[in-house]
Structures are given as C-alpha cells and as structure tokens.
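Residue numbers (the working numbering), protein chains in the order written: chain A, 1 to 424; chain B, 1001 to 1339.
None of these hints come from the bench; they were simulated from the model.
Please note that a few of the clues may not be correct.
[Unchecked claim] Just so you have them, the derived chain A footprint on chain B, three or more residues with Cβ under 8 Å:
(1) 1129-1137
(2) 1193-1199
(3) 1209-1223
(4) 1294-1304
[To be verified] So these bits of chain B aren't anywhere near chain A, every CB distance computed over 10 Å:
(5) G1064
(6) H1109
(7) A1110
(8) S1239
Each residue gets a CB set at the ideal place from its N, CA and C atoms; glycine is no exception.
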Amino acid sequence: MLLVKNGRVVDPARNTDATLDILLDGERIGEVAPAGKISSSNGFEVFDAGGLVVAPGFIDLHAHLREPGQESSETIETGTKAAARGGFTAVCCMPNTKPVNDSASVTRFILDRAKTGASVRVWPIGAASVGSKGEAIAEIAAMEQAGIVAVSDDGKPIATAKLARQVMDYCCSLDLPVIEHAEDVSLAAGAVMREGVTSTRLGLAGMPAAAESVCVARDVQLAELTGARLHIAHLSAKASLEQVRSAKQRGLRVTCEVTPHHFTLIDEDVQYDSRYKMNPPLAAREDRNALLAGLADGTVDAIATDHAPHEPALKDVEFDRAPFGITGFETALGLALEQLVHTGRVPLMRVVELFASGPARVLGLERNIAAGQPADLTIFSLDRQWTFRAAESASKSRNSPFDGRTFKGGPVATVVGGRFVHRI
Amino acid sequence: MTHRLHDLLALESLSADELTFLLDQSKPFQEIQKHPLKKLATLRGKTVALAFFESSTRTRISFGTAASRLGADIMNLQAEASSLKKGESLLDTVHTLNAMKPDCLVVRHAASGAADFVARHLDIPVINAGDGTHEHPSQGLLDALTIRDRKGKIDNWNVAILGDIRHSRVARSDIHLLGKFGCRLTLCGPAMWVPRELQQIAPQAAIRRVFNVEEALDGADVVIVLRVQTERLHEPALSASDYVLLYQLNGERLRRANRDAIVLHPGPMNRGIEISPEVADGPQSCVLEQVTNGIAVRMALLFLLCAGHDEEGTHPSSEAQQPVNRRAADVKDPSHASR
C-alpha cells in the first residue's frame, strides 16, 4: 500500500484539479479522498506530493526500443528506464526492430523481455505488413492475441493505398487502430530535412510539407471508406493537421500525435548537426505555430516522443549519412511545460490529457484517477530547475538536440502498478 | 583584421570587409603566376593535407599547385584510394590524416556540411574545397577576383547566373559574396532548378528569379554559366535538348547583355550544352583567367590559414628580404602593410 498525499491531482478524464490523497492498493488505485482524509498511521508507505502535480500515468504512443536486433542503441531495459525517468508509465514500441515485429512470436519475445527487465509497461505495436515491406498483410490477429495494441509500418507508410485499405478493413474487424507514418516516399526520396529557405541555404536535400500531407489525405480518405480507427503518427505539417481537423469534424475516427521536438524546434534550427535530423523533419515556423494551436484546441490527441535512439557512432557522421531520429523520453515533459504551460499557450489540464487520457483514448483505453483504475501515476514539478545531460541519460544513446538544456519543471516520481519505478 | 580566420568553410558568414581582405591578399600571388619561377618558400616545412572524398580534377590540382608554389609539402587523399571503401567513417579518416600532423586540411566532399563537420572535430584549419550543394568558397573568391580584375570593381553589377542553381555550390558562394557587394543577382534556369527559396538565402542581397534567358541577360554586366551536371539531368528528368533550346548561352543571347559584359564558368564546361563554343572561346570569356586566379586565391588562403598560426607568419612581401626566395622580391603586398 502506498499513500500519495497532498498532491495537486490533475485528472482531465474527470475534470479534477484538486488537492487529494491517493491510496494505491497494489496494482490498483484503492481510494481517492480529499487531503488528510486517509489516515497515514496504518503502516502505509507515504509519499508527500505537496507542491507537486499528480497525474494519471503518462502513455507514450510512439517509441523505438530497438530490441530485438539493435541492442547497441537501446534495449527494453534501458529504454524503459529512460521512459520512467521521463514520467512515462507505458510505452508503445514500434515494430521496426530486427526482426520486424510482424509475428506473434516476436510480440511474445518483446513482452517476455519486458516482464523481466522493463521499468514501465511495454505495449507492442505490430507491423501492418510482413516485414513492413508493404506487400502482404501481417498476421495481425495472432499478434493481437499475443498483445499488440495497434499496427503500423512505422519508419515508412503502408506502401500502397490498396494495402492500406486492406489493413484498415481488417483492423476494423479486430478493433485495432492503424498508426500511419504518413509520407509520400517519392516526394521524400533522398531528403534529409524539410524543404525551405534553410535547406536551400544549407544545400541539403529537402522534402516539402506535401510529402506528409499528401499521404495524410490518402489515409484519411481510406479511413472514411473503411471506417477504420486511423492515427497519424508524429504529425508535423499544418496541411496535415487541417485534414485531421476536418476529418474529426466529419465524425471520422481519426486521431493524431505531435512530438515535443516538432512543437519546440523548426527547420531554421538545423545547422548540419545530426542531432536535429529526424523524420518527419523539423518543419517551418508556420507549421509549428499550427501544431501549437492544435495542441491547445483539441485537434491533437496526444504528445508522443518518437524516441529514436541511435548509438553515437551512427550519428557522428555527415548530416546526409546520419540516421533519422532523436531520443525523447526524458525531455518530453520538460519541453511541454516550457513550450505549452509556462507560455500560457495550453492549460495544464489539457497538457496532462495530451500525455495520459488522450493517448489512452487513441488505444481505446481509459486513464483516470479513481478507485479500481491501474495504480499508474506520473508525479511532476512545475518549477524545479534541472538540466538535461545526454551523457547521464538512462538511454543507451545520446542523440538529443536538447543536451544541456535547462528546464523549469519535470518528472519527480513515476509509479507503475503501485510501485515507484523512478523517484528523484 | 580584428578577427583571424581559422577555417574557410563558407562565404556566407564573412563580411564584405573580410572578403575584400581575402581578395587583396590574393593580389601578390596573382603576380607570382606571371613569373617564370613560381615557387616560394613561404610555407616551407608546412604540410597541407588534401582530402578529396569526391572526384575532382581541377580543384585538387589547383590547391595542390597552390600549396607546392608556397613551398609546402602535400598529403594527398583520394576517395578511390582511401579506406572509405573499406567502411571507415569520415571522422576516422580525417582523424587518421590529422594524426600525421598536417598544418591545414583542404576537404572536398559530396555531403553538404561535411567541411563544417570536419572542422568541428579538428583543431587545425579546414578549407572547404566544395561540400555537396552547399558552398565552394575558393571558387566564389576566384570569381570575384576575376570580376574585379576585368571590370575594376566588384560592387553593384548586374549579375546573371544561368543553370542548375539548386544543386550548385558555386552559385551559393557567388550569391553570398556578390550580394554583399551590392550586386543585383538574376537567377535563371528551369523552375525546378531555381526554387523560390533561393531568393531568400542571402537576406541582404537583391535576388530575382527569371525563367527566360533573354530577359535574364538584358543589361547584365557579368554572366556566370553553371555546368549542367549530366547526372542531375535525371533528377528531375529534364531533356538536355530542351535545356539547350531554352538556356544555352550562345552569341546571339549574349548580345542582350551589356557590351562589356564578361562570362564566367567554373568548369569543366560542357561545350554545346550550357555554353556555345563561340562564347566559351570569345573575348568576353574569362574561363582561363578564372583558372589562373584560382591558384592565387588558394595560395592566399593557404598562406593565411597555415602561416597565420605561427607568431611570425612570413608573407611573401616580408620574405623579400630573404635571399632564399628570389621570386618573392617582385611581390608587392599593399594590403598586408595597411592592415
């Protein structure tokens, strides 16, 4: 039994923002009561959350844990340790491992590894097509029974409109969301950043915003055709967001996520430093402004990290040759507070929704703080000064553009299944 | 100069004063090219490493000649002969070269930003001899030197640049340099090679895009013709005969320019594609002067960056007193004394 007392409980699903005590009874929340109502003399472990925010456990819809196959960059153990430090209680891991998670046996391997070595919950995402090659549909039902929470060919889109349509049809019957890495690969071919004045000045090959939005248009129309649950991953372009907004207005089951780096940085920040190279690439200023608006107005459903670790030797090369991706678990909340809350752009309640109940809804789950719910909590400060040092990260990789950045507020303690998995 | 140049990675970051200084420094080395004996001892005992990760003939020979005319020793790395094929990273390769203790590294690479990347990891001066589609600063300087020689000044000309500007590092260096001297730049070529973003890469420069070559040449004082890289014709697919039809600089089109306009080309030329033989060999063409000036500019750069690290850098003008170098006695260097 763990008593979290005196915390400012922010629970968007119940529209609660109050000082409450929460008694965790093993894996579940036992009781939620006004501060002081639960006697702490009963031999419970007590955590005084005075001055801190207590939120439903954060869920990251988009991460790469690299296991199996690329353990030199990350493992389920190191990745989830970093996730716990970042305040995440559950992480959805993308299937582009080696081998690709396109079968129940790989799904079970991931879940077995998670059972023994993971700090937080690991929810695998299965490949939509065999080997994510875009040819044949993967054994989605078998993976669903093994424990996947969604399908995606992340790293690339589902290769053809026809296959995307089939996957969507099939996933309707399985009630699984289809997560799309929206990218027209012909428009993006060879590109290493967003096309614009900066790419032109630097002489780096750029992809236009349309490389993303053209594919979003395809997928939204197929979602309309099939009635599927479509989730657009790491949405970065204003034109894509407008399509998601209009799809929602039409009542389609279309959702989207935005990464902290896309709402913080823009293409102008790229200076041949491969820590600023990711896909989708950092977008234009007007795209970032649109994302900030979408985060505030509810068009965006979730903040997801796209945590993409790469060992230093892979990233310390010419910009053109560096792999796409940056780490993201440990800086996500700090960036959200910095960019969204402290600036007054987005209320705290809504930010918690973007990290917790929003992503839960994408997966068809509930996340709130009430008796009987899983005992997963993210406890964070709004004002503690701290500096992110990539060299001290729990991740195996160091590829973050936010190395050395000082934040105001960030994770203090992470509780999964009633136990602390991270505590400062 | 208040600020000492450590590397030469791009012209974008240099001021007009700094660029003028570099051009002035090239002047005495231009004189040397006219002498029967061209070798100085200025960099005797120094080693210049030439690391060319992309095939190049003229730029590599030009830098190599510049280094040897300054008396430096040369380390030559060519991509074909290097361990890159064996999977060694760029960083490991340049660290290995650096461990052989050169005094300066000249780097050519197919990736934009490669010289910048190398400079971040090495303490010795790095000269960018062309990085991808970013910049080719020594080419920009030699173009400016050629313009200044032929036309008396660099400032305020109407400059037309013709060709595949999107993929041209020469064009970027020229735009940054000439833009700082008040030149009005007209970029001309097929639309996919002249993206509108190019108009904003140098905020202080007056840049316009024109898709009609006659219009671009009207009133031009300087015409810079870029090489059509045949490998680029495929991406995006563009018909070579269309290019010739619409954009080749021929005698008739050149007559639209001012009568004393000059024509530059960074080489190597595709005669009959982007430039007609008549123009290439005509009186307005500066192509061979550009080559000669290239050596002078590169001698100045190597001198400034290599010798600059000693307490007493010996410029050819001060070497004049030394019997060891006969040729240097003829060299005048007004700029050195004035700064």
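These are the hints, each one checked on the structure:
1. 1129-1137: Our answer is that it holds, as 5 residues pass the Cβ test (under 8 Å) against chain A, meeting three.
2. 1193-1199: holds (count 3)
3. 1209-1223: n = 0 at 8 Å, threshold three: violated.
4. 1294-1304: violated (count 0)
5. G1064: holds, 24 Å
6. H1109: Violated, since 7 Å does not exceed 10 Å.
7. A1110: Its Cβ does come within 10 Å of chain A, the nearest being 8 Å, so this is violated.
8. S1239: holds, 20 Å
In the structure shown, a violation is registered for the earlier hints numbered 3, 4, 6, 7, in ascending order.
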